[in-house]
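If you're matching them up, the sequences are chains A and B in order. In terms of my numbering, the first sequence opens at residue 1 and continues consecutively. In terms of my numbering, the second sequence opens at residue 1 and continues consecutively.
I should point out that these hints are in silico values taken from the structure, not numbers from a laboratory. No residue lacks a Cβ here, since even glycine has one placed at the ideal position from N, Cα and C. Any given hint could turn out to be false.
Claimed, not checked - Pair ranges (Cβ atoms, derived):
no., chain 1, residue 1, chain 2, residue 2, range
1, A, 51, B, 106, 48 to 56 Å
2, A, 181, B, 191, 19 to 27 Å
3, B, 1, A, 179, 38 to 46 Å
4, A, 65, B, 38, 38 to 46 Å
5, A, 221, B, 1, 42 to 50 Å
6, B, 36, A, 209, 30 to 38 Å
Unchecked claim - Listed below are several chain B residues computed to face chain A (Cβ distance under 7 Å; list not exhaustive):
no., residue
7, 18
8, 152
9, 154
10, 155
11, 159
12, 171
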Amino acid sequence: MLLHDINPSIKALTVIVCVLILSVFFDPVTPMLTLAVTAAATFIFGKVSFKRWILLFSPFIFMALIYIWSALIFSRTHEGETILWSWGILILTEESLQRALSLGLRVLSFTSLSLLFILTTKPSEFLLSLMQQCRLPPKLAYGIMAGYRFLPLMKEEFEIIRSAHRIRGVPKARSLPEKIAELKRYAVPLLAGAIRKAERTAMAMESKGFTGDKNRNYYHKIAVSPKDWLFFAFFIAMVLASAYISWFFGFLQLYNGEL
Amino acid sequence: MLEKWKLREVIVLSVLAVVFAVVYLVFLQFGNVLYGVFGLIGYDLIFGIWFIVSIIAAYIIRKPGAALLSETIAAAIEVMIGNAVGPRLILSGMIQGIGAEAVFAAARWNNYRTWVLIAAGMGSSVTSFIWGYFISGYAALSPSYVTAMFFVRLISGALLAGLLGKWLSESLAKTGALSSFPIGKEQRRRKSENGFTA
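One chain only, chain B, in its complex shape:
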């Protein structure tokens, strides 16, 4: 899979994963605060943030595997920096990545419109929820609570991963740092269509 990747794409992917691993760890503390206030559903409110690197990496690099790989590396870096969950977190990262990757795959890795990005964020919500259901024993909670958790996570995935990821990627593209990536080219094309020269 990686043979078809250019070196700069691989390194940009790794850098994104490392940066967001740190962001993820910060949000874990924030999640613990929300957990204290709202109970288990507190995590679901911000769960989408933990999928954001999938969306950003896929939207920028636009190659098969970008979503899965970035999320897995981010989880591995989280473990390397130090995390109570331990190596199991790598598996969680992979499962979250698979959810987003499946949506991009269904769009044949050539459609990166807003709704696809939102669906990808929601895809991660679905796979991570199924995983959480079994590993964290959600079965012990009341069904209506679990349903509420699921919908909160779905919305969180759509907004915090899908839309925030898209917005952040486009803000980055505007700086010109992504000019050699598909997203930068798309932006230039859009500009010239509007009568501006890039």
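So here's chain A without its partners, still in its complex pose:
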């Protein structure tokens, strides 16, 4: 069984519910366990290579480190906390270290859940599933699919505009006003091109009989089966079990707005 075969809507629901449950707690252990299990599931059942995963994950490690760093520096130390280390005005207490770790691991556990979804789901299948399971209007779903398809086209067009400017000898922008003018020179034709293409796409769709009717049929059917709900139950149970283990060792705390 692969994660790719799980119904995309239910996979998304699982990620959202897991994130909601995780956001209630504030301790280092719960997100760490969740992170480990989620990452393992992505590798084993998602057949995602570690290289690809870490490439997307590493910017968030960097961000988590910044989070931990700022939580350590700017945290308000309260009376009666155990001091681990101090240097001038920098005071590191056991409690602030735990807060910082909680914050960093929290971000990383959210990221691992998001990556599990992103790396094992095709956007088009997700949209088809949203239409078939969640009653998303087909007009909107196919519109978003068309828009998504435009992104690589716009990248190409950007290259073309840049070459065109270079051939006509437009100088490189140096000062700030020049940079703003340059931005306009790119943004307006890119957007205008995208809008023109969007209108042509709409015309093509309508000429082929697309009405946006909700009672349509689908060539590519996306079904829901018991294994999808099994997946859902497993992940919720996993997060709750992590919280239980954390509680068992006396780490568990509820989140009340620490930043």
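Guided by the hints, dock chain B onto chain A, whose structure is given.
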């Protein structure tokens, strides 16, 4: 709501949302740099940029729901492309969209003058700030700092969303790409009033 929309309006809305989702992600990195320099208020300096698709979509399409829908889709696309905030971002997008939509609704969706666009940008500032106050724990910061953040965000919403959005939409209309939309028709009418033929 969508039944009354023409297909080309829906697709143009989606395309705008997708394009600005990418812009939003780029500005998130820029915001992190400003955060490093100025602290939390750094985000507020450029916060308005994250409302711009509401203004542009509403100004071009001029139908109820354009502001809310475009901002929500943009947030959903940001999550799909990959974002640390995760699914919560969709809720933030919706709340920002509601702020702008409320102003357009108060103008009965038939007034798109400059001041309405500016007010819509500020409307998003207000709703997003209230949301941020609760979700990000601004309560822990000193009241004068929070007040300063609020006014910076308000101005940012007025300028970067309201005015920049208006300017960008009108630049687009000048290319003729929007000729079948209300904004294009308005521009043609204005031109013919000035004695030019479109």
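The hints, checked one at a time:
A hinted range of 48 to 56 Å for the beta carbons of residue 51(A) and residue 106(B) is consistent with their spacing of about 52 Å. Evaluation of the 19 to 27 Å hint for residue 181(A) and residue 191(B) yields a pass: the beta carbon distance comes to about 24 Å. For residue 1(B) and residue 179(A), the Cβ-Cβ distance of about 40 Å falls inside the hinted range of 38 to 46 Å, so the restraint holds. Here the CB-CB span from residue 65(A) to residue 38(B) is close to 20 Å, at odds with the stated 38 to 46 Å.
At about 27 Å, the CB distance of residue 221(A) to residue 1(B) disagrees with the hint of 42 to 50 Å. Taken as a hint, the range 30 to 38 Å is violated for the pair residue 36(B) and residue 209(A), whose Cβ atoms sit roughly 53 Å apart. With a cut of 7 Å, the hint placing residue 18(B) at the interface with chain A holds, because the nearest CB-to-CB distance is about 4 Å. Using the Cβ-Cβ criterion of 7 Å, the hint placing residue 152(B) at the interface with chain A is not satisfied: the shortest such distance is roughly 18 Å.
Among the interface hints, the one on residue 154(B) is violated; its C-beta lies about 22 Å from the nearest C-beta in chain A, farther than the 7 Å criterion. Contact between residue 155(B) and chain A, as hinted, is not supported at the beta carbon level, the nearest pair being about 19 Å apart and thus beyond 7 Å. The beta carbon of residue 159(B) is not positioned within 7 Å of any beta carbon in chain A (closest approach about 14 Å), and the interface hint is therefore violated. Hint status for residue 171(B) relative to chain A: holds, with the closest Cβ pair at about 5 Å, below 7 Å.
Going through the hint list in order, the structure does not satisfy hints 4, 5, 6, 8, 9, 10 and 11.
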